[in-house]
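Here the protein sequences come in this chain order: A and B.
For the first sequence, the residue numbers in my numbering are 6 to 538.
For the second sequence, the residue numbers in my numbering are 81 to 960.
Hints are computed from structural coordinates only; laboratory data are not their basis.
Hints may contain errors.
[Unchecked claim] Think about it this way: if two alpha-carbon atoms lie no more than 16 Å apart in a straight line, the pair counts; the simulated EDC-like pairs of lysine to aspartate or glutamate are:
#, chain 1, residue 1, chain 2, residue 2
1, A, Lys468, B, Glu413
2, A, Lys464, B, Asp913
3, B, Lys595, B, Glu889
4, B, Lys583, B, Glu889
5, B, Lys570, B, Asp588
6, B, Lys934, B, Asp913
7, A, Lys468, A, Glu511
8, B, Lys663, B, Glu764
9, B, Lys934, B, Glu853
10, A, Lys173, A, Asp206
11, A, Lys464, B, Glu430
12, A, Lys464, B, Asp410
13, B, Lys598, B, Glu889
14, A, Lys464, B, Glu735
15, B, Lys700, B, Glu620
16, B, Lys563, B, Asp530
17, A, Lys468, B, Asp410
18, B, Lys932, B, Asp854
[What the hints assert, rightly or not] Every beta carbon over 10 Å from chain B, so not counted as near; a handful from chain A, in silico:
#, residue
19, Pro125
20, Gly175
21, Gln456
22, His463
[As the list claims (entries may be wrong)] A partial selection of chain A residues facing chain B, derived with a Cβ cut-off under 8 Å:
#, residue
23, Leu215
24, Val217
25, Leu457
26, Arg458
27, Leu459
28, Leu466
All C-beta atoms, glycine included, are put in the ideal place defined by N, C-alpha and C.
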Amino acid sequence: MYGRVYATILQKASGTLTLNVAASSQHLLLAFPSHPQSHLSSWVKSKSIPGICSDEKSENCSKSWRHCSTRQDLDFQLSRVQINNILRSSEQTVSVPEFDGKALSVVRKFESNQLAANTPNEDRRSAASCLQSKGMLFGVFDGHGGWACAQAVSERLLYYIAVAMMSKHGLEELEKCMEHDRPVPPILQWYKHHTDFIYRDSASLYIDHLRVFWQELLVNEEHDEGMSPQEALHCAFKRLDADISLEAQVPLSNDLMRSTAIQVAFAGCTACVAHVGMDGIHVANAGDCRAVLGVLNDDGSWSALPLSQDHNSENQAEVERIRAQHPPSERHSVITDDRLLGILMPLRAFGDMRFKWSSELQQSVLDALESGVDLDSLELYQYTPPNYLTPPYLDVTPDIRYHKLRPQDRFLILGTDGLWDELGNEEAVRLVGEHLSGVHLQAPVSPSEKQLRLGQMHKLLLKRRARASPTLDSNSATHLIRHALGTSDYRELSHERLASMLALPEDLARMYRDDITATVVYLNSDLVKRSPS
Amino acid sequence: FKYRVVSVSSYRRASRGLWTSVQRLLATTGGTDSQLPPFPSQARVVICGGGIVGTSVAYHLAKLGWTDIVLLEQGRLGAGTTRLCAGIVSVAKPISVECQMANYSLNLYQQLEEETGVKTGYANTGSLCLAQNQDRLLSLKRLASRLKVLGISCNVIKSKAVAKLHPLVNIHDLVGALHLPDDAVVSPPDVNHALAVAAAQHGVQILERTTVQQVLVENGHVMAVETDRGSIECEYFVNCAGQWAYELGQASEMKVSIPLHGCEHFYLLTKPLPENLSANNPVVLDMDGRVYVRNWQGGLLSGGFEKNPKPIFTEGRNQLEIQNMQEDWDHFEPMLSSLLRRMPGLESAEILQLVNCPESFTPDMRCLMGETPGVSGYFVLAGMNSSGLAFAGGGGKYLAEWMTYGYPSTDVWPLDIKRFGNLQSSRTFLRHRVMEVMPLLYDLKVPRWDFQTGRQLRTSPLYDRLDTQGARWMEKHGFERPKYFIPQGKDLLSLDQSKTFYKPDWFDIVGAEVKCCKEAVCVVDMSSFTKFELTSTEGEALDLLQHLCANDLDVPVGHIVHTGMLNKRGGYENDCSVVRLSKNSFFIISPSDQPVHCWSWIKKHMPSDPNLHLEDVSWKFTALNLIGPRAMDVLAELSYVSMKPEHFPSMFCKEMSVGYANGIRVMSMTHTGEPGFMLYIPIEYALHVYNEVMSVGQKYGIRNAGYYGLRSLRIEKFFAFWGQDLNAFTTPLECGREFRVKFDKDMDFLGREALVQQRHDGVSRRFVMLVLEDHDTELDVWPWWGEPIYCNGRLAGTTTSSAYSYTLERHVCLGFVSTPPGPDGLPTPITPDFINRGDYEVDIAGQRYSAKAKLYPFSSLFTQQKRRKEDLELSNLQAK
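Isolated chain A, as found in the complex (with noise of 0.2 Å):
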């Protein structure tokens, strides 16, 4: 909310090019004291400044932003090449080959950007091909209350969800080797951009924990041919959160590894996972990212089918759901200011073990932690929720919806709600397509259009320039980005606007915009064509 009137002023602002930091700070210095309930909730899931959680911290803040304001006026305007600069630092374009040797692949190419509005950045992606199942994972990630529960979830998730789908014979294979400390087939094939980080330290952890879920998957009975997508995202959305969970509460050898499972586990992240294999797409989505389909209209117009749906308080169903699941006397408390107990904006979530564990559970594992780490150097914040009377009150069930290719479905757009809150599905999926098919190549006005009285032109013209704005970034990932930021109230691209969107200081930054990641996976339309049906 703050950030959408901290947004006006910067719009207004902008047209001068430079914004005077010391303005805007009184403004906020000003708003804060007066709504002390959006301090606690800014870390978790906000538009409003990232860290602040107790009156301490804000004094901290302001002062801060006194030394600020006593600096000259910072010079907001950045040139092109700047902006180019910083929109593609986080580029990914991956060609995907047709043909491997063995199958038809039904990703042509995917691309892929990350625009951080948090210092670090929270949100986290994914994407790597499943070498079993032929078909591809991407997958998004947007972390709150820091970067910990993305970061491992990212790196993990797309394992549990490869295994899941492997058959009995695979994964016999793959305990064979481990048992026999002989090289482990590949189960997946990653395409990492170079900036991503993985957590090293707690790598063997990760692959423990996993072994574990294989073996299990390995008595199952029925597991023999593996799990159809749907069953394995399911499955392995729980069983990453269940061991999340798990590592969190036990006593771990390593000091680094405890204190990084306490960090993922208390803080959190939605999900945003699709699978696209050759029988169709599909995701599963735990969260307020979205998956939307792009799909090209007989008449050459695009439109969008969204394939996931949020889970936030503006999905009724969802409210519901979580109600139904409390007593009736908490009925009001459990969503309040459409928020999870007042404070989580999405309703389903990786980690966040504060509204699933009983209080209890929370404070003897911090107690057994206290002993040995500095709580402040985990950057946990020492809260209990409101009205935390009978957990859990948060979960990770993923929704998962199928979606079989149709010649029509040209592409798949992932993002997290930073791009959502800018762009709406069609709008988003109106840029791509038109990014894809290169409509400044538009046809040239036709002979009977010419016939049109110069009124009737005029306004032919003017749609035709609205649609051919001229792209300038090859990475669709990057052009819905840049437009996401800088599309100004005439729906035209302001690089005023722009620049002083990504000018932002880092501690004003998320005020304006969160941090936004999109992924675009190009489907092979010919190869649906092709393939029966």
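Fit chain B to the known structure of chain A by using the hints.
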């Protein structure tokens, strides 16, 4: 053959009619019965290009009595840009000589119908230049002042009056307009036809479907023209090939550089409007909206100059393409939006066609005229920047005069093709530059605007050093020159937005540089000057210079002489400083935009003598100007030689060492009238010498300075500058430089006769310095140049340059004034009384400011120092 072009689609038919009509005409005048006239093997003049420009040149040459003229056209007459151009003849042009040309064209086209009997579609509609903002209105007021000087009627009117003149114009966002009642519209193909008919009547032979392939050159002179139908021997060749002029120049045996490049240009035609428009509705030029509108066949014709032009034909000619240019509605959208905003009533107008008519543009928005520097007898008139119709009449007249008398009847240096050289011939450069030039036609031009494209072509070795120290650059003949230096910590961004008619924000920066020049020492990189060396084995070099220069060059070795190079009329072709390096070698320093013109002037008068050698050494030297009272201290410390005036008198040149570097030409002059030295440094020493000067100069308070500071200094010292104040029609007597003419020597030189005559008759115009008196620097519009000067309420002349003098704390304008003609209509000699006793006023954008006229600079009037006139170092090499 009475016909009217009723629509564009019938143009082709029209030109076919034209062709037969000319044929018929030729048949009657030539007396031959054959279908095609015989192909001539010989002619005096061959003109290439049957568009409006080529036919106008033919017409005017014939009028001046030339015979034996052949005009060649590769297709049919008027088949190129002329066929499609919008047909507006307006005098609203950026510089006065262009206004004169347009004004002449108007009169010519008006009487052409009567002269030839060919209908030209001439309609005196007048035109309206609209202003959407106060800055635009200011620039229109400045234009109005200039037009009044030329005797062209015009009125600045309120927006309500606009509505009365044109019923369709929406005036709600206007602040005013300029009404030009004499402007007209014509049908360009018909004017073209009329000119061709008139030319043919005077005996010009017109050959269509004849393509020029090559121009043959012998001993630097045009000899013959090769066409696809045979070759024609000729004395003169005129390139009026429009779009194709560049390539035709390249196709000469000796390549001729004609820097122009095409851009697509779009305009819209509507079907006749339902409500009857008066046929005499004025042409509307909405420059802020980037569109023009004229009546056309009951409907309207509207085009514009968009911000993002589409350059075309970069890779060469394709005559077919020009016939089938694609319309591009999407590209036209901004102009259509702007048109509908200006005339909302047009929403319901029906579209007839969108016409794509390529136009050719030049690197500086002005046309190319005159004899090419490399090949004598090779003339050019092209690159009309989409004002071909307006300029064709006047341009044709000037070029015909040029070919007849050796020079036109007025100064056309701003249009002279010799302002360019091979430097501007790169296709990449031209492509980039014309993309800036085309929108610039309608852009608001504030004082001291610079081109932004095609930059950093020629730079001094110190460019990077100066750039990191905050230099802001301007360009002259491709060379980057510092304007001023932005001090550390100043906001660079806002300074680049300092485009204003009022006090600019670099005011204090330049003021500080000037102060430093007056009190300490400044260093200015002035490497852009044109530098020649003339050497001979015997006395030939001296003989040549004594013939070319008005001042006496038989001076002791080491002396510097300021001198003009005059033409026969006694006018300045060049103004330079000549150093006698040794008995038979001279170093000639000319203004930066002179390399082509001065070179060809010297070459033209130079006997072909193997002992005489002229070399362009501009690129070999970096020039540093050390200005200020402490300059001698800096140099003395670096050379261990006394630089005091008694040891190193003014106007002297010595080769000496500076720092470790030897062989530096040190000259005791600064081109500003301030004490100091010019250092001519072989380029490999440039950085070393600069570093040494800066480090030694530290304790004397040295700093960098730029050309804006220099200009302020030279103008307050009343120094004239060639190309700005002086031109081929200014004599030394008119600008108080009689002392630089060797009258006392019994020696002939170019222009002597004219000067002797003028000395006898007395001069009727005089270069003066005007100090503005009630001008508020903070609040009033600043003078630039071209402002009218009034004496006792009567128009007396115009300014040629101006600057704020930080010493006088006033604005100083330089310019020429002349006396009213006597009762017999003849000019009367000007007297000091006229200058000193007159009540002078300078008209800046319609507002008159009283001024004090001076014949001598203040320094010599007010400083107690008595300097002998000869010692006065009066130079004029710096730019505006």
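Straight-line alpha-carbon gap lysine 468 (chain A) to glutamate 511 (chain A), limit 16 Å = Measuring from Cα to Cα gives roughly 38 Å; hence the hint is violated.
Per-residue hint verdict: leucine 466 (chain A), partner chain B, C-beta under 8 Å = 4 Å, holds
Proline 125 (chain A): least C-beta distance to chain B exceeds 10 Å?
-> Since the minimum Cβ distance to chain B is about 31 Å, proline 125 (chain A) lies beyond 10 Å and the statement holds.
Pair hint outcome, lysine 464 (chain A) versus glutamate 735 (chain B) [Cα-Cα no greater than 16 Å] | 72 Å, violated
Under the criterion that the straight-line Cα-Cα distance not exceed 16 Å, is the pair lysine 934 (chain B), aspartate 913 (chain B) satisfied?
-> Satisfied, since the Cα-Cα distance of roughly 11 Å is no more than 16 Å.
Residue hint leucine 215 (chain A), partner chain B, criterion CB-CB below 8 Å = At 55 Å from the nearest chain B Cβ, leucine 215 (chain A) fails the 8 Å test, so the hint is violated.
Keeping to a limit of 16 Å between CA atoms, is the pair of lysine 663 (chain B) and glutamate 764 (chain B) held or broken?
-> The hint is violated at about 27 Å.
Assess, step by step, whether the Cα of lysine 563 (chain B) is no farther than 16 Å from the Cα of aspartate 530 (chain B), and give holds or violated.
-> 11 Å, holds
Leucine 459 (chain A) as chain B interface residue, shortest Cβ-Cβ below 8 Å = 5 Å, holds
Please work out if lysine 570 (chain B) and aspartate 588 (chain B) have their alpha carbons no farther apart than 16 Å.
-> 12 Å, holds
With a cut-off of 8 Å, does the beta carbon of valine 217 (chain A) approach a beta carbon of chain B closely enough for the hint to hold?
-> 61 Å, violated
Within a Cα-Cα threshold of 16 Å, do lysine 464 (chain A) and glutamate 430 (chain B) meet the stated pairing?
-> Holds - the C-alpha atoms of glutamate 430 (chain B) and lysine 464 (chain A) are around 14 Å apart, at most 16 Å.
In the structure shown, a violation is registered for the earlier hints numbered 2, 7, 8, 10, 14, 15, 21, 22, 23 and 24, in ascending order.
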